[in-house]
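J.: So you can see what is in the structure, the chains are spelled out below.
There are 2 protein chains.
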Amino acid sequence: MTYCVAISVNDGIIFTSDSRTNAGVDQISTYSKMHRFGIDGQRQLVIMSAGNLATTQGVIKRVRADIKNNEPVNLMNVADLEEAADYLGEISVAQQKKHDIEGSTVNHEASFIVGGQIGDKTPAIIMIYPQGNYITSSDTTPYLQIGESKYGKPILDRILTPETSLDTSALCALVSMDSTMRSNLTVGPPIETVIYEKGSLKLNRHYQFQADSAFLRELNKSWDHLLQEAFRNLPPIKWSENWDQSPDESGEASS
Amino acid sequence: MTYCVAISVNDGIIFTSDSRTNAGVDQISTYSKMHRFGIDGQRQLVIMSAGNLATTQGVIKRVRADIKNNEPVNLMNVADLEEAADYLGEISVAQQKKHDIEGSTVNHEASFIVGGQIGDKTPAIIMIYPQGNYITSSDTTPYLQIGESKYGKPILDRILTPETSLDTSALCALVSMDSTMRSNLTVGPPIETVIYEKGSLKLNRHYQFQADSAFLRELNKSWDHLLQEAFRNLPPIKWSENWDQSPDESGEASS
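For the protein sequence lines, the chains are H and X, in the order given. Numbered according to my numbering, the first sequence spans residues 3 to 257. Numbered according to my numbering, the second sequence spans residues 3 to 257.
Everything labelled a hint here was simulated from the structure, so no lab data went into it. Here the structure is a predicted model, which means the values were calculated and not measured. Possibly wrong hints are sitting among the right ones.
With a straight-line cut-off of 27 Å between C-alpha atoms, the simulated DSS-like cross-links for lysine-lysine are [to be verified]:
#, chain 1, residue 1, chain 2, residue 2
1, X, K200, H, K240
2, X, K223, X, K204
3, X, K223, H, K240
4, X, K100, X, K70
5, H, K123, H, K200
6, X, K63, X, K99
7, H, K240, X, K204
8, X, K204, X, K63
9, H, K63, H, K204
10, H, K240, H, K200
11, H, K223, X, K70
12, H, K70, H, K99
13, H, K204, X, K63
14, X, K123, H, K200
15, H, K99, H, K63
16, X, K123, X, K204
17, X, K123, X, K240
18, X, K223, H, K223
Covered stretches of chain X (chain H as the covering partner; in silico rule of three or more C-beta atoms under 8 Å from a C-beta of chain H) [to be verified]:
#, stretch
19, 100-114
20, 156-168
21, 175-188
22, 207-220
Computed from the model, here is a short list of chain H residues facing chain X with C-beta under 10 Å [claimed, not checked]:
#, residue
23, I157
24, S181
25, N186
26, T188
27, T195
28, E199
29, R207
30, E220
31, A232
32, F233
33, L236
C-beta atoms are modelled at their ideal positions from N, C-alpha and C, and glycine is treated no differently.
All chains should be built: construct the whole structure from the sequences, respecting the hints.
T.: Printed below as a string of structure tokens:
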């Protein structure tokens, strides 16, 4: 499994991904799911991937080859993020179809998030479905997720707005990752984070948190403690106001 | 969609369920998913259901009929919770099969949680899969969920132990429900909660929180506020310790 989240706020973009890959619990490996492409001062793009590892590796290999061969359409010459998403969607669908053998039940699907900034265009993040179509984020939902997205969604919904700072957004992404790792063992470190500052056209803030990262451990412990404290401060339940007198459904009379 | 959670602690059992049912977003209805059966002083059982509404209603109807007709096996004469689970599993599978028409893609699957106490046996909760097999809770995971379970799982994992009090467990179930309702619109009020005190053999604490419940609103607001406060108290990220110097993957040299 995988968990990747991208957050687009006024100041820029946060990308965070885990690195665990599994084909059954006895075949767990570590692969980076975050790929950075760019020319400083001109364009910066980050791709994160989830799903069938052969598909995602095939797509990234193709992306690299198209850049190297200076193909008519490649990540270094697309005019905007939507064109990048169209391009990725097409090669993803082609890659999946290539290996779908009739009668086989293997799932070759993959999802991608691409984000960044091209020239003076507005930075953006886009999620590409296995079918090749895509969606972007919005002011009310300034983030996109792929993979095991549910455990880590509530904290994103409660914290993020377009005004959230980059550092706070990055912390929120890491808390979201922490909740996901706690609930799903097939999501795990190293955790990668990229902080892209709007207008910088540089990807000079890339961080890796290893399994033994003191910060990840501290974050896990602090958040656990703070959540328990928050829980203790909740108002007590006013049971009497919600009393229900309807009888149970026993066939026998209550006696 | 549905969200139901049962929590089994040393002092007894908490059952909490939502009441929203949908067949497409324009066909949303309210149905109770919590059914209580018992004879005071002898046995108390609560069933919660998720999945195909025709299946779950068919199963509950059969359960009632079997009690009324005093069938050889019914909820009022099963010897223990496992026998109740075997019985429910069998009628659930039969109900699903009855309506599975070849070629149809309608999903008739349903899941159930049954819990309570029979005589002087230890109270227990059991989750029954659509296939009729089942699992129970444990000291390390003192809860069971059916339906839309992921959004509300992190808080259960962080708060619950066998020593947690009944009132705290009930509050935890409601916070878990609140997170789920926030993230999935097809889970919604009224929210029902039953608090079963171990050894009481009475189901005299059944509560309903309506959509306009002042408590639910207060809980939602307080938890939102407390989580944001907790988040603000997290340690800042020590970026410098996790700096990664590996280059990006651009085909072009960074310049």
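J.: Hint by hint, note whether the structure agrees.
T.: Status of the hints after comparison with the structure:
{"no.": "1", "hint": "X/K200 - H/K240", "in the structure": "22 Å, holds"}
{"no.": "2", "hint": "X/K223 - X/K204", "in the structure": "33 Å, violated"}
{"no.": "3", "hint": "X/K223 - H/K240", "in the structure": "15 Å, holds"}
{"no.": "4", "hint": "X/K100 - X/K70", "in the structure": "22 Å, holds"}
{"no.": "5", "hint": "H/K123 - H/K200", "in the structure": "10 Å, holds"}
{"no.": "6", "hint": "X/K63 - X/K99", "in the structure": "16 Å, holds"}
{"no.": "7", "hint": "H/K240 - X/K204", "in the structure": "21 Å, holds"}
{"no.": "8", "hint": "X/K204 - X/K63", "in the structure": "23 Å, holds"}
{"no.": "9", "hint": "H/K63 - H/K204", "in the structure": "23 Å, holds"}
{"no.": "10", "hint": "H/K240 - H/K200", "in the structure": "48 Å, violated"}
{"no.": "11", "hint": "H/K223 - X/K70", "in the structure": "53 Å, violated"}
{"no.": "12", "hint": "H/K70 - H/K99", "in the structure": "24 Å, holds"}
{"no.": "13", "hint": "H/K204 - X/K63", "in the structure": "64 Å, violated"}
{"no.": "14", "hint": "X/K123 - H/K200", "in the structure": "63 Å, violated"}
{"no.": "15", "hint": "H/K99 - H/K63", "in the structure": "16 Å, holds"}
{"no.": "16", "hint": "X/K123 - X/K204", "in the structure": "14 Å, holds"}
{"no.": "17", "hint": "X/K123 - X/K240", "in the structure": "53 Å, violated"}
{"no.": "18", "hint": "X/K223 - H/K223", "in the structure": "25 Å, holds"}
{"no.": "19", "hint": "100-114", "in the structure": "violated (count 0)"}
{"no.": "20", "hint": "156-168", "in the structure": "holds (count 5)"}
{"no.": "21", "hint": "175-188", "in the structure": "holds (count 5)"}
{"no.": "22", "hint": "207-220", "in the structure": "holds (count 9)"}
{"no.": "23", "hint": "I157", "in the structure": "7 Å, holds"}
{"no.": "24", "hint": "S181", "in the structure": "5 Å, holds"}
{"no.": "25", "hint": "N186", "in the structure": "9 Å, holds"}
{"no.": "26", "hint": "T188", "in the structure": "14 Å, violated"}
{"no.": "27", "hint": "T195", "in the structure": "8 Å, holds"}
{"no.": "28", "hint": "E199", "in the structure": "13 Å, violated"}
{"no.": "29", "hint": "R207", "in the structure": "8 Å, holds"}
{"no.": "30", "hint": "E220", "in the structure": "6 Å, holds"}
{"no.": "31", "hint": "A232", "in the structure": "4 Å, holds"}
{"no.": "32", "hint": "F233", "in the structure": "6 Å, holds"}
{"no.": "33", "hint": "L236", "in the structure": "6 Å, holds"}
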